[in-house]
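Student: Given next are the chains, with one letter for each unit.
Number of protein chains: 2
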Amino acid sequence: MNRNELIELIFRKRSFLCIGLDTDLSKIPQHLLSCEDPAFEFNKSIIDATHDLAIAYKPNFAFYECYGAKGWESLTRTIRYINETFPGETFTIADAKRGDIGNTSQQYARAMFDEPSSGMNFDAVTVAPYMGEDSVKPFLSYPGKWIILLALTSNKGAADFQFFGEQDHRLFEQVLTQSQQWGSNENMMYVVGANQAEMLLEVRKIVPGHFLLVPGVGAQGGSLREVAKYGLTKDCGLIVNSSRNIIYASPGLDFAEKAREEAMKLQKEMELILIQRS
Amino acid sequence: MNRNELIELIFRKRSFLCIGLDTDLSKIPQHLLSCEDPAFEFNKSIIDATHDLAIAYKPNFAFYECYGAKGWESLTRTIRYINETFPGETFTIADAKRGDIGNTSQQYARAMFDEPSSGMNFDAVTVAPYMGEDSVKPFLSYPGKWIILLALTSNKGAADFQFFGEQDHRLFEQVLTQSQQWGSNENMMYVVGANQAEMLLEVRKIVPGHFLLVPGVGAQGGSLREVAKYGLTKDCGLIVNSSRNIIYASPGLDFAEKAREEAMKLQKEMELILIQRS
Numbered sequence: 209m210n211r212n213e214l215i216e217l218i219f220r221k222r223s224f225l226c227i228g229l230d231t232d233l234s235k236i237p238q239h240l241l242s243c244e245d246p247a248f249e250f251n252k253s254i255i256d257a258t259h260d261l262a263i264a265y266k267p268n269f270a271f272y273e274c275y276g277a278k279g280w281e282s283l284t285r286t287i288r289y290i291n292e293t294f295p296g297e298t299f300t301i302a303d304a305k306r307g308d309i310g311n312t313s314q315q316y317a318r319a320m321f322d323e324p325s326s327g328m329n330f331d332a333v334t335v336a337p338y339m340g341e342d343s344v345k346p347f348l349s350y351p352g353k354w355i356i357l358l359a360l361t362s363n364k365g366a367a368d369f370q371f372f373g374e375q376d377h378r379l380f381e382q383v384l385t386q387s388q389q390w391g392s393n394e395n396m397m398y399v400v401g402a403n404q405a406e407m408l409l410e411v412r413k414i415v416p417g418h419f420l421l422v423p424g425v426g427a428q429g430g431s432l433r434e435v436a437k438y439g440l441t442k443d444c445g446l447i448v449n450s451s452r453n454i455i456y457a458s459p460g461l462d463f464a465e466k467a468r469e470e471a472m473k474l475q476k477e478m479e480l481i482l483i484q485r486s
Numbered sequence: 209m210n211r212n213e214l215i216e217l218i219f220r221k222r223s224f225l226c227i228g229l230d231t232d233l234s235k236i237p238q239h240l241l242s243c244e245d246p247a248f249e250f251n252k253s254i255i256d257a258t259h260d261l262a263i264a265y266k267p268n269f270a271f272y273e274c275y276g277a278k279g280w281e282s283l284t285r286t287i288r289y290i291n292e293t294f295p296g297e298t299f300t301i302a303d304a305k306r307g308d309i310g311n312t313s314q315q316y317a318r319a320m321f322d323e324p325s326s327g328m329n330f331d332a333v334t335v336a337p338y339m340g341e342d343s344v345k346p347f348l349s350y351p352g353k354w355i356i357l358l359a360l361t362s363n364k365g366a367a368d369f370q371f372f373g374e375q376d377h378r379l380f381e382q383v384l385t386q387s388q389q390w391g392s393n394e395n396m397m398y399v400v401g402a403n404q405a406e407m408l409l410e411v412r413k414i415v416p417g418h419f420l421l422v423p424g425v426g427a428q429g430g431s432l433r434e435v436a437k438y439g440l441t442k443d444c445g446l447i448v449n450s451s452r453n454i455i456y457a458s459p460g461l462d463f464a465e466k467a468r469e470e471a472m473k474l475q476k477e478m479e480l481i482l483i484q485r486s
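Just so you know, the sequences run in chain order H and Z. The first sequence: position 246 = 454 (this note's numbering), numbered continuously. The second sequence: position 205 = 413 (this note's numbering), numbered continuously.
Because the hints were derived from the structure by calculation, they are not lab data. All figures in this text were calculated on a predicted structure; none of them were measured in a lab. Incorrect hints may have been included.
Below, a list of computed lysine-lysine pairs in the DSS-like style, where the Cα atoms sit at most 30 Å apart [to be verified]:
{"#": "1", "chain 1": "H", "residue 1": "K345", "chain 2": "Z", "residue 2": "K278"}
{"#": "2", "chain 1": "H", "residue 1": "K278", "chain 2": "Z", "residue 2": "K466"}
{"#": "3", "chain 1": "H", "residue 1": "K473", "chain 2": "H", "residue 2": "K437"}
{"#": "4", "chain 1": "H", "residue 1": "K345", "chain 2": "Z", "residue 2": "K345"}
{"#": "5", "chain 1": "Z", "residue 1": "K413", "chain 2": "Z", "residue 2": "K252"}
{"#": "6", "chain 1": "H", "residue 1": "K466", "chain 2": "H", "residue 2": "K437"}
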């Protein structure tokens, strides 16, 4: 999905909500555990109940990898289901935080983007910047695909290295600045945590036009209003993720219905934000 | 495998060689492609031919993930084969470069260390430091397991961010310094590229006693002598990886035999280094 299509999708759905599929078998409704593939069944129900409210889904790879090859099958079924059932209707993000030397990142890119090889075809993948240009560029060799580079993350440990350096020249600013030589706002986004809302002002000085993937609204304490105040652009420029608050809204038979209610709360708030801004 | 066992293994085998299983189906001998699981058959042959010369194996996850769930099965078979066939005889490294917020790193740790859950039981996992303490610590909650934190990598892009900062206070130095509060030399190692051999002097000032995983000898141009000159400690303190030079030594039926020859060249050189130093 290219930038124009993404923007069109956002304004058509009046939403910039991404739902994080951090699907944990110890947290999903217990009645699903008797299914052959509980993680997939859970994801399918969540997706079916929210696809008109969310513009993106973001499976978090760790939650599948902890079940090994079987988990990768659940993941593969999930991305295939989205692509086959809602073609052109959802942006898909492989939240995998990959990055390695060039020949290795090339293989990770195949895993995320090359369906004949891996069975998976995501629109975007999250990438860690520590290893620099040649660890990032192989992901950019797929036309129409995106990387979402970690800049300023939503966790406590973000302070350990991302703020390393001097005032106005910290590591995350260097990552934002330097990485713009590797791609454009047509194929690169950045992760900026919602609990760093006031930092979005600093981020927007460096990347005024790039889309930002903003995790941390909800369970991690970030405020959607604050994020929009500092991060919204004329093209929206934001994809705001919520995971636990939506997918675990209820542990019972009504889990999908309750997930829809939570997603709708955010979508309604986003609709207002988009209307007020335009 | 704990530190004492690792050191004992190194001096018993007179080797600090790690063989990187970057198993690429387009590079392995073509006659293997008719097997049900070519990647596993290749790995098994390489391991059988080199297990007395190498102290560690390091499957590179990207080369399996590019084949999706099927690739994860090859990976799982490989680690199981090593653990079942050579118990206590090899140190195993999940070269996966993972790292995410705490609850997510916890799931990645399960993938690498919790065999009942994922089917895999590695001794160590490579971890990217960008997201800081809480992205790293969950991996350290498994007794007897190790993390290998990226410090100074072997690729060109290492220069982009790892040297960010001021002289004597660059990002990789900050990573080395700060991360020592999170674990000890009993459960943490660092990646330092072989082509950064002279930098090992700087690294050793900060982490005199930690093991270093050193990739980049061979295909990436690093010199074993240089690495040993600057990085060796009384406990050895080094695990030197070679991948392509060994596993692709021959494209023919004799691939395992030729891999053994290449591994033996390095082991003999390592034996001399260990003798000269002790």
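Student: Hint compliance check: list the failing hint numbers for this structure, sorted ascending.
Tutor: 2 and 5
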